[in-house]
Amino acid sequence: MSAGRDVFKRPRDFDDRALGVSLRPYEWEVLLALDGRTPFVQLLRRMGLDELDADEVADELTGKGLMDQCVVTYGEFMRERETTAARSADVQPAAPTATNGAAAALAAATLPSPAVEPKLRATIKPQPPRLSFSVKPTSAPMMPRVAVGISGYKLKPLLDFIIDQAGGKNLPKIAAQLAVYRVFRRVPRELVLADNIHSLKIGDPTIEVHNKELYDAIVRAIETTFGVKYESNAANTAAG
Amino acid sequence: MKLLIVDDSNVIRRAIAREIGSSRYEIRSAGNGTEALAVFDEFAPEIVTMDITMPELDGLSCVDAILNRRPDTKILVISALADKATAVEAIKRGAQGFLLKPFTAEMLHTELAELLAE
Amino acid sequence: MTDNDLKMFVDIVSNYFAKVVDEAPLLDEPVIEFTPPKLLDYSGFIQISGSDDGCVYITMPRDFAVSFLRRTGEMASDDALLSDFVGEMASTIASNARERFGGQFKISVPRTLVGGQQPPFSVPGTRFVLPIRWDGRTAHLGIGVFSSVEAVKAS
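Protein chains in written order, with the working numbering: chain A, 1 to 240; chain B, 1 to 118; chain C, 1 to 155.
Treat the hints with care, since some could be wrong.
Said to hold, decoys possible - Cut-off 25 Å, straight-line C-alpha distance, at most; resulting in silico cross-link-like pairs (SDA-like, lysine to any residue): (1) LYS38(C) with ASP164(A); (2) LYS173(A) with ASP22(C); (3) LYS173(A) with LYS19(C); (4) LYS19(C) with ALA38(B); (5) LYS156(A) with THR2(C); (6) LYS2(B) with THR72(C); (7) LYS7(C) with ASN196(A); (8) LYS173(A) with PHE101(C); (9) LYS19(C) with ALA17(B); (10) LYS156(A) with LYS19(C); (11) LYS173(A) with PHE17(C).
Hints are computed from structural coordinates only; laboratory data are not their basis.
Only chain A is shown next, with the shape it has when bound in the complex:
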């Protein structure tokens, strides 16, 4: 197989297929960076991986059924070109917002750095897997999608903060996990579902949300639950 110019996408049931599969971390990163648009070798290069391994990596991941080669009809190809052009015109050099998540994701992926610092880091580094989310399969055609996992707000720092507030690392694991539940009870479910999150695994360090409003709601829930102020850059201080 010569994967260099080929474009790949994740299958619709990627979450299900990924269950129980073990891969090297960078392979998960590659899978989650697939956008159905960028040639595979270019993707590897962007991620700082050796493009000479492209064939081997592509063989392994397609062999495991975790990515599919994109093949499109002429009509689909032309439609996608138009869509991509329209998206590029829409992109504003601003931080990701809840109302423009798709464009924000694209912006984060293409701009060297966000013009406005979001409350949490939104980096363009390849993101670790976010397999903890159950994402509804889209009914739309699987044609080129905006990359996921690029613009998310990582929850790990928030979860660590919750566990600290609940009693620290010495807390029995299950009690710490229940503290996380206690916070999420206060988060409006509509916001969670609007972010296509149906469930989340508490122990997954890679979980992210993509909606700023949701992220802020989680922060508020933490602050209400524990009566403290949460500040992102580890400068967590008790509210006066």
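Got chain A; can you put chains B and C on it based on the hints?
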């Protein structure tokens, strides 16, 4: 020796019967207090294992009724933790043993052995 | 309801396994669920009311229930018996919880649901779901406490 198992859960009735074994005991069972009294009158068991929370006639009332009929009946109350106070009350009224749910086969055998030794 | 209150349900279930099949289950990474409960073949629900309202449930696939009963020596596996089993398990959990919580919470009589049907009563929209792995099979223990908004709607 005749033994009557009273419990509203079929799974528990069958589990107790299986553990006790039919070689040593002649076993009958009942799913509630009312049925238990009917079987008791007809079967005349020496030993009764008695659940506490049951529909129709609860275990405590059933213990009273059985001991009124035959005071020397040996009764082992088997119940979950929340019924402990009721089980203690049952013992005050004449039941001889108490076994907490969930229980192991070993615990059941131990309780029955103690009951029979008395 | 505090974290320790909620943790108690987990302890009770673990203890149930340890006692009945002489083997503690493996508790997998819990999940917070935001959609209606994914109920498996046999489910036992108990409702909680008091300073907080909510529910605790255990739901398991048929093969889990059959395997559990087999381990206790029960070879029958008809629907009625399996349903009775999950009801008894929920009942014991409820009863033990009632004792430990004292008068702080009221614990309902358990309700058994078969075939993945949704409960005919309100269930908190956000729940803590703990996968319980035993004998290569997975059941789920669900714990849900109504948010104040939900509690008003449900009442």
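Here's how the hints hold up against the structure:
{"no.": "1", "hint": "LYS38(C) with ASP164(A)", "result": "31 Å, violated"}
{"no.": "2", "hint": "LYS173(A) with ASP22(C)", "result": "23 Å, holds"}
{"no.": "3", "hint": "LYS173(A) with LYS19(C)", "result": "23 Å, holds"}
{"no.": "4", "hint": "LYS19(C) with ALA38(B)", "result": "32 Å, violated"}
{"no.": "5", "hint": "LYS156(A) with THR2(C)", "result": "22 Å, holds"}
{"no.": "6", "hint": "LYS2(B) with THR72(C)", "result": "23 Å, holds"}
{"no.": "7", "hint": "LYS7(C) with ASN196(A)", "result": "29 Å, violated"}
{"no.": "8", "hint": "LYS173(A) with PHE101(C)", "result": "21 Å, holds"}
{"no.": "9", "hint": "LYS19(C) with ALA17(B)", "result": "18 Å, holds"}
{"no.": "10", "hint": "LYS156(A) with LYS19(C)", "result": "37 Å, violated"}
{"no.": "11", "hint": "LYS173(A) with PHE17(C)", "result": "19 Å, holds"}
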